[in-house]
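Peer 1: Listed below, chain by chain, are the residues.
There are 2 protein chains.
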Amino acid sequence: MLDGIPDLKSMSMEQLHSLCDKLRNKIIDTVMKNGGHLSSNLGMVELTVALHYVFDFPKDKVIYDVGHQCYTHKLLSGRADKFDTLRKLGGISGFPKREESEYDCYNTGHAGTSISAALGIAKARDIKGEDFNVIAVIGDGSFNNGLVYEAFNSVSQINSNILIIINDNHMSITPTVGSMHEYLEKLTADGEQNAKKRRHETIFERFGLVYDGYYDGNNLELMIDKLQQIKQKIRTQSIILHVKTIKGKGYLYCEENPQETHGISAGNSKATEYSSVLGSTLTQMAESDKRIVAVTAAMTPSLGLSEFFQKYPERAIDVGICESHAAVVCAGLATEGLKPYYAVYSTFLQRAFDQVVVDICSQNLPVTLCVDRAGISGSDGETHQGEFDLSFLSLIPNLTIAVPKDISEFRQMLLASANFDGPLAIRYPKDGFKIYDGEPFKFGKWEKLRGGSDVAIIACGERMINIALSAAQIACEDGIDCCVVNARFVKPNDTHMLDALNQKYIVTLEDNALIGGFGSLIDMYFSRSGKIIKNFAYPDEFIPHGSVSELIAKYGISIKNVSDYIIKNAHR
Amino acid sequence: MLDGIPDLKSMSMEQLHSLCDKLRNKIIDTVMKNGGHLSSNLGMVELTVALHYVFDFPKDKVIYDVGHQCYTHKLLSGRADKFDTLRKLGGISGFPKREESEYDCYNTGHAGTSISAALGIAKARDIKGEDFNVIAVIGDGSFNNGLVYEAFNSVSQINSNILIIINDNHMSITPTVGSMHEYLEKLTADGEQNAKKRRHETIFERFGLVYDGYYDGNNLELMIDKLQQIKQKIRTQSIILHVKTIKGKGYLYCEENPQETHGISAGNSKATEYSSVLGSTLTQMAESDKRIVAVTAAMTPSLGLSEFFQKYPERAIDVGICESHAAVVCAGLATEGLKPYYAVYSTFLQRAFDQVVVDICSQNLPVTLCVDRAGISGSDGETHQGEFDLSFLSLIPNLTIAVPKDISEFRQMLLASANFDGPLAIRYPKDGFKIYDGEPFKFGKWEKLRGGSDVAIIACGERMINIALSAAQIACEDGIDCCVVNARFVKPNDTHMLDALNQKYIVTLEDNALIGGFGSLIDMYFSRSGKIIKNFAYPDEFIPHGSVSELIAKYGISIKNVSDYIIKNAHR
Chain A
1 MLDGIPDLKS MSMEQLHSLC DKLRNKIIDT VMKNGGHLSS NLGMVELTVA
51 LHYVFDFPKD KVIYDVGHQC YTHKLLSGRA DKFDTLRKLG GISGFPKREE
101 SEYDCYNTGH AGTSISAALG IAKARDIKGE DFNVIAVIGD GSFNNGLVYE
151 AFNSVSQINS NILIIINDNH MSITPTVGSM HEYLEKLTAD GEQNAKKRRH
201 ETIFERFGLV YDGYYDGNNL ELMIDKLQQI KQKIRTQSII LHVKTIKGKG
251 YLYCEENPQE THGISAGNSK ATEYSSVLGS TLTQMAESDK RIVAVTAAMT
301 PSLGLSEFFQ KYPERAIDVG ICESHAAVVC AGLATEGLKP YYAVYSTFLQ
351 RAFDQVVVDI CSQNLPVTLC VDRAGISGSD GETHQGEFDL SFLSLIPNLT
401 IAVPKDISEF RQMLLASANF DGPLAIRYPK DGFKIYDGEP FKFGKWEKLR
451 GGSDVAIIAC GERMINIALS AAQIACEDGI DCCVVNARFV KPNDTHMLDA
501 LNQKYIVTLE DNALIGGFGS LIDMYFSRSG KIIKNFAYPD EFIPHGSVSE
551 LIAKYGISIK NVSDYIIKNA HR
Chain B
1 MLDGIPDLKS MSMEQLHSLC DKLRNKIIDT VMKNGGHLSS NLGMVELTVA
51 LHYVFDFPKD KVIYDVGHQC YTHKLLSGRA DKFDTLRKLG GISGFPKREE
101 SEYDCYNTGH AGTSISAALG IAKARDIKGE DFNVIAVIGD GSFNNGLVYE
151 AFNSVSQINS NILIIINDNH MSITPTVGSM HEYLEKLTAD GEQNAKKRRH
201 ETIFERFGLV YDGYYDGNNL ELMIDKLQQI KQKIRTQSII LHVKTIKGKG
251 YLYCEENPQE THGISAGNSK ATEYSSVLGS TLTQMAESDK RIVAVTAAMT
301 PSLGLSEFFQ KYPERAIDVG ICESHAAVVC AGLATEGLKP YYAVYSTFLQ
351 RAFDQVVVDI CSQNLPVTLC VDRAGISGSD GETHQGEFDL SFLSLIPNLT
401 IAVPKDISEF RQMLLASANF DGPLAIRYPK DGFKIYDGEP FKFGKWEKLR
451 GGSDVAIIAC GERMINIALS AAQIACEDGI DCCVVNARFV KPNDTHMLDA
501 LNQKYIVTLE DNALIGGFGS LIDMYFSRSG KIIKNFAYPD EFIPHGSVSE
551 LIAKYGISIK NVSDYIIKNA HR
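Those protein sequences? They're chains A and B, same order as listed. For the record, in the first sequence the residue sitting at position 500 is 500 according to this note's numbering, with numbers rising by one throughout. For the record, in the second sequence the residue sitting at position 414 is 414 according to this note's numbering, with numbers rising by one throughout.
These are calculated hints, taken from the structure and not from any lab test. It is possible that some hints are incorrect.
Remember, identical chains collapse to one label, so a pair may be satisfied in a single copy or spanning two.
The calculated lysine-lysine pairs, modelled on BS3-like cross-linking and capped at a C-alpha distance of 25 Å, are [as the list claims (entries may be wrong)]:
#1 K504 - K434
#2 K128 - K311
#3 K128 - K233
#4 K504 - K534
#5 K88 - K231
#6 K59 - K445
#7 K9 - K233
#8 K554 - K59
#9 K560 - K82
#10 K290 - K59
#11 K26 - K491
#12 K434 - K568
#13 K491 - K554
#14 K231 - K9
#15 K22 - K244
#16 K531 - K82
#17 K491 - K534
#18 K531 - K504
#19 K491 - K244
#20 K531 - K568
#21 K26 - K82
#22 K448 - K233
#23 K531 - K560
#24 K290 - K128
#25 K445 - K531
#26 K554 - K311
Just so you know, these numbers come straight off a predicted model, no measurement behind them.
Kindly generate the complete structure, drawing on both the sequences and the hints.
Peer 2: Written as structure tokens, this is what we have:
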């Protein structure tokens, strides 16, 4: 029934219901094996089937905001046979991908882009004089993001009609927060019977949109009926369709635990080793240090901060999926002498780049950025890898950047940060494995983990220290003496130690893009030295989905590659 | 009357009116001499005097969004005697600056941050158990920005009360666009007499704010009265006060030409040499190439695109001050085969960093970013310099970065871009001086402007080419043969030419920060070559206000410094 592209339009309602069951089972089976987004996808089965029943994809275009809910769409558009490769290296992505299918018209991954993209696509349609429908499906969690408002604001300006479907399930990864959410709740509480009356009151009408809702998005017949009606209207008017879906629908455990089952073994919605250390250390510090405030953007549990939020609600702020706003709130808090810790995934920190530059760093304010899921983050792919932060952070004046070699050093860095009076970023990966021996931690100072006179390997972060130590040992067996340096501060560099490195060969290792990263700072430092430097880092391309270890190896950072390079070159 | 900090609270209404006249004259005199923001500041005189009359600064805190309207505040807070140094190197900044006065509690420059910052400051106040008022003053232009919505959305979550004053003058730099603006207009049209009725309808109430307005913000008595009433309430409730002001108030020419007089001889609200070439070339290209769309974020005239917008309104989109949204709209347009040109100031492109990474470049879409006011932009200071774009753009995979050596080459790049099928950024400075001789332009290829076997100077952009050619000539007189290369593509580098450079000494010149910039790419390229490389670029600090030439020299990039370095080193 799922082979090829099923002809939904020829199916009876009974067959469609049976299809929904099959889709749901396929999603559950696959996600249980491969990991992935479970609850959000289960909630969207009926609505997606209704969309495919009513509209003509790929001629019509649908954009799934963030993309956490596109599995049914993938299964209905010719990818069911490859669906068991979901999130595997070389397999089907967990997010919409134009490269994968003409049914995916726009790649998503970060929240709030769907309406802007839909407006762009609809505008292009109108400029070209073509005839198709453009639909944005957006969750209530994304609805907090400022892009949505910017897009609303220009609906009348751009003047190309689209359908916006609010898939309201009360949740981001955590329950949705904020006034817009409360407002959606209020609309819901009013009930469908008041639709006529409500029409003249909704916030959406203020933006020149027609509001229609709410409806039960898990009711297949109702969704088909509604979409058929709307299809007649959306070429002459932009419409917001507000539907309620149940996150985890059809799988009781998910329905009851939508937060825990947002992502399954994807690691992205659970606290990791480093996140847990962040949470426990910050909670402990906050007890005696009343200046400490924790700020998140809709990711509190996976950042390890649930306990902090419970224990110090008056000093805990979750602003929803608003990374830019969170950064400015932190800057405001810091101007008044508080110590904000803004915990955020590396990839989402990109959303606050300007605010980190202008609001935090140009004012030189003591905000600590706890940059989680830095480096390769794995199976979510291109839009979720954290391979750019060392590059986009190190270009910012006044910012100190720390990279712990293990969770123990991370804890020491956090403790030391309380008395550090400037902007600080601490970046750490998804996974933590072991605790290394080392010299006592000193703020701003690197440490030598191993001596050696032929080659200096300078590595930052746990994954790279691990590779450096093993490669050094292999080279040693080959008669080449390698020193290994833990570059735990990427900026400023420990110039004292750099100046003391008298090895002719320098090798740098980092879990980051080559361009603008740690290695490039070292290249620049030694640009007039005549030293021979080799940088191991990720090449200048977007890194797709796969496991962390597969991807690090795929991009050439392996014990073998590093030791081979050293043995080949230092022997010359 | 303006000496020291005038004691407004002891003044009669007559004296206050006379003060307003003096302030207005002082602003006009100074801006006419020094350049600066004129109309926006003239409109804010009465409101600012009323704020200082009613509130207790610096104990109370006021944040001016963007900061285009803070001159009266500066004049009333002890900076009148130094006001003639406005925007001069080492003088008073045109924007709020904490470093300058305790009356400036938060630095601004980019739109939309004031409410988020005010919430952060108010939250800090409440955490510390202190007692003061926090006020955000925001123009209707900034009101389009998504940060405002994100802040509204968390007002109830953060739960610390503030006063938001909407200073509604119908204008960004250009007339404000978008639905929120239309909504504000509608509120205004309703008139004050309907306030009671309107209360229950405003969009702001949906966000849990109390709306009070609108009122005439140029009526001093009314403003004092209103603010005194509000002062009694804002510790228990967040309030939005909507006032109308006249941009340019009190200076007839400004009132009639608010767009032209937004910035005076600041160059930032007028089309420059490069901007004019963008406008004329793109308008010409669009005639035959129906795929071309121009997109701006509230800066159309100063980007040189007024003619394009007039001639092709159906292919021209100004989304208001929404840089992120604009980037996503461009990505959407490009997925449908159109060729969007997104013109934006370098500093404001920081606002769209994530969208350039994820939406444009990870989808490898043919969007052309026309990055105006790149490099040092001058008298607006830290928040407006364009010294970071080569760094934050070159780290992005798939993006090609071009830097024309003059307006003629810029035009050729634009013409060539029409057939370039990928993301492209062309960055250019505020000023253009001359047209250089050179080899015929080839896409992706550098050119040698001068041969020489001892030293290779690789320069990018007009300002740097100019310095390179002069320095080479001086070195030549000293017997050192310098080749000069126009690195008109910063990424990818022209590796063919790089490989052919057999000089031992390499010098790079760029109008950008050192870290992560063009020079760092060259250092990395030659990191295993043993060449001796010197990078001239801006040091790792924020660059304050001053003239372009003063600042470039201040940061060590001068003909003398470059030629001195070459002569000193290449002779060894």
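Peer 1: Look at each hint and say if it fits the structure.
Peer 2: Status of each hint after checking the structure:
1. In the homo-oligomer, the alpha carbons of K504 and K434 never lie at most 25 Å apart, since the shortest distance is 31 Å inside one protomer and 45 Å across protomers.
2. For a Cα distance limit of 25 Å, the shortest separation of K128 from K311 across copies, 17 Å, qualifies, whereas the shortest one inside one copy, 57 Å, does not.
3. For a Cα distance limit of 25 Å, the shortest separation of K128 from K233 inside one copy, 20 Å, qualifies, whereas the shortest one across copies, 54 Å, does not.
4. For the homomeric pair K504 and K534, the shortest alpha-carbon distances inside one copy (11 Å) and between copies (20 Å) are both at most 25 Å.
5. For a Cα distance limit of 25 Å, the shortest separation of K88 from K231 qualifies neither inside one copy, at 37 Å, nor across copies, at 59 Å.
6. Taking the shortest alpha-carbon separations for K59 and K445, neither the intra-copy value of 58 Å nor the inter-copy value of 40 Å comes in at or below 25 Å.
7. Proximity of K9 to K233 under the C-alpha cut-off of 25 Å is restricted to the intra-copy arrangement: shortest distance 20 Å within a copy versus 60 Å between copies.
8. Proximity of K554 to K59 under the C-alpha cut-off of 25 Å is found in neither arrangement, the shortest distances being 36 Å within a copy and 58 Å between copies.
9. With identical chains, the CA atoms of K560 and K82 are never at most 25 Å apart, being 33 Å at best within one copy and 64 Å at best between copies.
10. Taking the shortest Cα distances, K290 and K59 sit within 25 Å of each other only across copies (22 Å), while inside one copy they are farther apart (57 Å).
11. Proximity of K26 and K491 under a CA criterion of 25 Å is satisfied in neither setting, with 48 Å inside one chain copy and 45 Å between copies.
12. Taking CA atoms no more than 25 Å apart as the test, K434 paired with K568 passes in neither setting, with 30 Å inside one copy and 51 Å between copies.
13. In this homomeric assembly, K491 and K554 come within 25 Å of each other (Cα to Cα) only across copies, at 24 Å, whereas the closest approach inside a single copy is 28 Å.
14. Proximity of K231 to K9 under the C-alpha cut-off of 25 Å is restricted to the intra-copy arrangement: shortest distance 15 Å within a copy versus 63 Å between copies.
15. In this assembly of identical chains, K22 and K244 lie within 25 Å of each other by CA distance solely inside one copy; the values are 22 Å within and 59 Å between copies.
16. Within a single copy, K531 and K82 get their C-alpha atoms no closer than 49 Å, and across copies no closer than 51 Å, so neither meets the 25 Å cut-off.
17. Taking the shortest alpha-carbon separations for K491 and K534, both the intra-copy value of 19 Å and the inter-copy value of 20 Å come in at or below 25 Å.
18. Proximity of K531 and K504 under a CA criterion of 25 Å is satisfied in both settings, with 5 Å inside one chain copy and 14 Å between copies.
19. With identical chains, the CA atoms of K491 and K244 are never at most 25 Å apart, being 47 Å at best within one copy and 47 Å at best between copies.
20. In this assembly of identical chains, the alpha carbons of K531 and K568 lie at most 25 Å apart whether taken from the same copy (16 Å) or from different copies (21 Å).
21. When the C-alpha separation of K26 and K82 is checked against a cutoff of 25 Å, the pair qualifies only within one copy, where the shortest distance is 12 Å, while the shortest distance between copies is 72 Å.
22. Taking CA atoms no more than 25 Å apart as the test, K448 paired with K233 passes in neither setting, with 68 Å inside one copy and 60 Å between copies.
23. Only within a single protomer do K531 and K560 lie at most 25 Å apart by alpha-carbon distance; the minimum there is 23 Å, versus 29 Å between protomers.
24. For the homomeric pair K290 and K128, the shortest alpha-carbon distance between copies (8 Å) is at most 25 Å, but the shortest distance inside one copy (59 Å) is not.
25. Taking identical chains as interchangeable, the C-alpha atoms of K445 and K531 lie at most 25 Å apart only when both belong to the same chain, with a minimum of 22 Å there against 29 Å between chains.
26. In this assembly of identical chains, K554 and K311 lie within 25 Å of each other by CA distance neither inside one copy nor across copies; the values are 43 Å within and 51 Å between.
In summary, the structure is inconsistent with hints 1, 5, 6, 8, 9, 11, 12, 16, 19, 22, 26 from the numbered list given earlier, while agreeing with the others.
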